[in-house]
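For this one, chain A is given, so just place chain B on it according to the hints.
2 protein chains.
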Amino acid sequence: MTMEKGISSVEVLPSKSSQVTAVKVVVKEPETKQTQRGKRVGFVLVHAGAGYHSESKAKEYKHVCKRACQKAIEKLQAGALATDAVTAALIELEDSPFTNAGMGSNLNLLGEIECDASIMDGKSLNFGAVGALSGIKNPVSVANRLLCEGQKGKLSAGRIPPCFLVGEGAFRWAVDHGIPACPPGIMATRFSLAAFKRNKRKLELAEKVETDLIQLKKRRQSNEKGSRVMCRTCGRPSRANDGSRGGDQIELYSLENDSGTLDTVGAVVVDQEGNVAAAVSSGGLALKHPGRVGQAALYGCGCWAENTGAHTPYSTAVSTSGCGEHLVRTILARECSCALQTEDAHQALLETMQNKFIGSPFLANEDGVLGGVIVLRSCRCSAEPELSQEKPTLLVEFLWSHTTESMCVGYMSAQDGKAKTHISRLPPGAVAGQSVAIEGGVCRLESPES
Amino acid sequence: MTMEKGISSVEVLPSKSSQVTAVKVVVKEPETKQTQRGKRVGFVLVHAGAGYHSESKAKEYKHVCKRACQKAIEKLQAGALATDAVTAALIELEDSPFTNAGMGSNLNLLGEIECDASIMDGKSLNFGAVGALSGIKNPVSVANRLLCEGQKGKLSAGRIPPCFLVGEGAFRWAVDHGIPACPPGIMATRFSLAAFKRNKRKLELAEKVETDLIQLKKRRQSNEKGSRVMCRTCGRPSRANDGSRGGDQIELYSLENDSGTLDTVGAVVVDQEGNVAAAVSSGGLALKHPGRVGQAALYGCGCWAENTGAHTPYSTAVSTSGCGEHLVRTILARECSCALQTEDAHQALLETMQNKFIGSPFLANEDGVLGGVIVLRSCRCSAEPELSQEKPTLLVEFLWSHTTESMCVGYMSAQDGKAKTHISRLPPGAVAGQSVAIEGGVCRLESPES
Numbered sequence: 001m002t003m004e005k006g007i008s009s010v011e012v013l014p015s016k017s018s019q020v021t022a023v024k025v026v027v028k029e030p031e032t033k034q035t036q037r038g039k040r041v042g043f044v045l046v047h048a049g050a051g052y053h054s055e056s057k058a059k060e061y062k063h064v065c066k067r068a069c070q071k072a073i074e075k076l077q078a079g080a081l082a083t084d085a086v087t088a089a090l091i092e093l094e095d096s097p098f099t100n101a102g103m104g105s106n107l108n109l110l111g112e113i114e115c116d117a118s119i120m121d122g123k124s125l126n127f128g129a130v131g132a133l134s135g136i137k138n139p140v141s142v143a144n145r146l147l148c149e150g151q152k153g154k155l156s157a158g159r160i161p162p163c164f165l166v167g168e169g170a171f172r173w174a175v176d177h178g179i180p181a182c183p184p185g186i187m188a189t190r191f192s193l194a195a196f197k198r199n200k201r202k203l204e205l206a207e208k209v210e211t212d213l214i215q216l217k218k219r220r221q222s223n224e225k226g227s228r229v230m231c232r233t234c235g236r237p238s239r240a241n242d243g244s245r246g247g248d249q250i251e252l253y254s255l256e257n258d259s260g261t262l263d264t265v266g267a268v269v270v271d272q273e274g275n276v277a278a279a280v281s282s283g284g285l286a287l288k289h290p291g292r293v294g295q296a297a298l299y300g301c302g303c304w305a306e307n308t309g310a311h312t313p314y315s316t317a318v319s320t321s322g323c324g325e326h327l328v329r330t331i332l333a334r335e336c337s338c339a340l341q342t343e344d345a346h347q348a349l350l351e352t353m354q355n356k357f358i359g360s361p362f363l364a365n366e367d368g369v370l371g372g373v374i375v376l377r378s379c380r381c382s383a384e385p386e387l388s389q390e391k392p393t394l395l396v397e398f399l400w401s402h403t404t405e406s407m408c409v410g411y412m413s414a415q416d417g418k419a420k421t422h423i424s425r426l427p428p429g430a431v432a433g434q435s436v437a438i439e440g441g442v443c444r445l446e447s448p449e450s
Numbered sequence: 001m002t003m004e005k006g007i008s009s010v011e012v013l014p015s016k017s018s019q020v021t022a023v024k025v026v027v028k029e030p031e032t033k034q035t036q037r038g039k040r041v042g043f044v045l046v047h048a049g050a051g052y053h054s055e056s057k058a059k060e061y062k063h064v065c066k067r068a069c070q071k072a073i074e075k076l077q078a079g080a081l082a083t084d085a086v087t088a089a090l091i092e093l094e095d096s097p098f099t100n101a102g103m104g105s106n107l108n109l110l111g112e113i114e115c116d117a118s119i120m121d122g123k124s125l126n127f128g129a130v131g132a133l134s135g136i137k138n139p140v141s142v143a144n145r146l147l148c149e150g151q152k153g154k155l156s157a158g159r160i161p162p163c164f165l166v167g168e169g170a171f172r173w174a175v176d177h178g179i180p181a182c183p184p185g186i187m188a189t190r191f192s193l194a195a196f197k198r199n200k201r202k203l204e205l206a207e208k209v210e211t212d213l214i215q216l217k218k219r220r221q222s223n224e225k226g227s228r229v230m231c232r233t234c235g236r237p238s239r240a241n242d243g244s245r246g247g248d249q250i251e252l253y254s255l256e257n258d259s260g261t262l263d264t265v266g267a268v269v270v271d272q273e274g275n276v277a278a279a280v281s282s283g284g285l286a287l288k289h290p291g292r293v294g295q296a297a298l299y300g301c302g303c304w305a306e307n308t309g310a311h312t313p314y315s316t317a318v319s320t321s322g323c324g325e326h327l328v329r330t331i332l333a334r335e336c337s338c339a340l341q342t343e344d345a346h347q348a349l350l351e352t353m354q355n356k357f358i359g360s361p362f363l364a365n366e367d368g369v370l371g372g373v374i375v376l377r378s379c380r381c382s383a384e385p386e387l388s389q390e391k392p393t394l395l396v397e398f399l400w401s402h403t404t405e406s407m408c409v410g411y412m413s414a415q416d417g418k419a420k421t422h423i424s425r426l427p428p429g430a431v432a433g434q435s436v437a438i439e440g441g442v443c444r445l446e447s448p449e450s
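Residue numbers (our numbering), protein chains in the order written: chain A, 1 to 450; chain B, 1 to 450.
Just chain A, with the same shape it has in the complex:
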């Protein structure tokens, strides 16, 4: 097997928009290893969120990415399919108290944990998802079980099996299918409870300031007989105008935007047969409204996997992270997958992040567009085309891109002894929500049969 990996150069690309800065990390550092005949091969790329990863916690994030890669590779080496491998990686990421998924998820307004997760199988194109799920330690395992049950065909009496379950119903389905319930209180960690208390205090302060502002404005309005701008849809006073948000004062009380608030986790995998799978899991935004479902549960938004087919020369797998509402409204996972069917994967992803995410008309009113993606695409090709004896080789291109301050990723092939990890950061001077960082590499996998 020939591996091309390692970061060799960083170049700043000229951007079309002054708001967009692109960092391209060219990955060329060939490591030649002999193929171990009979060994299963495959590749995994994981992320521990697009958000902000402080230097103090960098080691923890890298460590969990490493373990997640190893879990996926162990599965692949044991002959498991891509969906099994991607689930194994996600369980490791969910179990970390440092990520915002599974254990240690952000708490909602009521101090509860409600998780979203989904998985997609590139071979069957099946999908499983859960939203606002409480009481299950590994939401991705429920999503995977939904995918698996969906693949078995119709239920009794011709009923169509569900692919997306939410809330209490999702919990009951999981338990009925043998997935153990997690006792209350176990999933909240010391970190998540402390962040919840800090955020609650900030919210109370912010609301007090807003109440004072409203009263101030009311007094002014009654003096000035000023007209209020009404919301054009519901006819009620516009929030932007009644003082309940937006003032510079309010920004002081904004919730913590540390890694805890946006760190959806995810993974993409290609197995020995070239099948791809993708998964994503999230605890959602800090102090979200109970019942809020974000991109991690939504088809096309949180993850995407599609094997090569009649109209798709490449197999592609994508997992997203960041502000759920931004990722939903741009259907970013599927958008990336579609774009990756053109020749230059790096250029296609960069343009997608610039034009279909930051520059999306669906997010025109947003101050900053926050998100990140990991993608891989693979195709069968000849390792050494000049030789007549062609070896069936899987070419895997993998990339990550983000508009957030940082993104933590890890990657590994089945032939590697250990995973490589990296915290990708926007270059100095680039503005989060308005700039794009993009990096990646290439890996050639020989089939074990050759």
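Any given hint might turn out to be false.
In this list, chains with the same sequence are indistinguishable; a pair is considered to hold if it fits within one copy or across any two.
Stated by the list, open to error - Straight line, CA to CA, 20 Å or less: simulated PhoX-like cross-link-like pairs of lysine-lysine:
#1 420 <-> 59
#2 208 <-> 154
#3 200 <-> 154
#4 418 <-> 66
#5 202 <-> 66
#6 208 <-> 218
#7 418 <-> 62
#8 420 <-> 57
#9 217 <-> 154
#10 59 <-> 418
#11 154 <-> 202
#12 418 <-> 356
If you are wondering where the hints come from, they were derived from the structure by calculation, not from laboratory data.
Model, not experiment: these values are computed from the prediction.
Coordinates of chain B only, in the frame set by chain A:
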């Protein structure tokens, strides 16, 4: 105002696949009316589901479509925006005990009503949705309120407002925002309760037959030492092989596929200013698992609305109906909207239904692909280009298409005295789930300013 409406001819189009039959109803029957200066104009197209509409209930379905159109037009005439008008139409459709939305929705496995609904505004491109919502008479009103609240900007402390809420959290949010709770038991009707009881009996019978079959197979297997096919994802025995589904015997006990099981309702509207909006609402599949969320709640799947923009020469609005899982996996509403940006709307929609729905690789394993869409697209043009004094005219093309046995639609412009309604059916010999029917018309709306 010039109106071109009415059905003048039916032609059967040659199809690419032997499984696809296309019926094109060319709509050309100009009715010339004078524009009433100062009167608000606009157009609405509604549907009471793609499924099977028995002749005996045809009158009821047409009647509710008519009332829904009138409600939307009343709003438009009062100067309301497209989102208000489309919500008014949906409330009327939800309130009908004959449709599978709001009142009279299908009951789930536990005999409860859980509704999905969503709305999209083509101007702001904002979206609001609820899933698995119980205890609210008009789910679309919650979706519309979410959309409206989302348009007001961030919440206190910089929190991003939710666009999608599910279950108990969605209910609490609705009540907190002044939408009245509906007392338990009110939303189930005589019809829906009777259908639930019949379906429950069928399910019990089907499950008994399946249990007997499993035991029979087990005895055979122990005799033949036959190997069992395992699910490749979860490693458990495949349902198709263990006798718990698929036998011809089972088909006898399939749940009622009458209009009650698939009848998501929806509407698309264009207002006087050319702004489009779309909405959809559904009680979901009969005997669905609690917590199951279908296309009516999902971004891109249940409805889509997008005003004309830099990359979109036409404003488009789409609402879908049918088997939720099929509509989700094809992201059909958005797919139709994208296709409608090409010149020939009729051909674009037909090809989308043939290639991206029935022929979708995402539904390759399905026996039949069941769904329907209503679409409209509009653009500003000159009513009489040969005259030098151009009048600003809105050209509205509207179409409906379905693979189900029938689809009930209604449409009306603000200048009409009453709505037109129609039950579209597949032509004789066409197979539901494998054939496409498509019909539609054109309407020219002069701006009131002219």
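>> Hints numbered earlier in the text: which of these fail when held up against the supplied structure?
In response: 5 and 12
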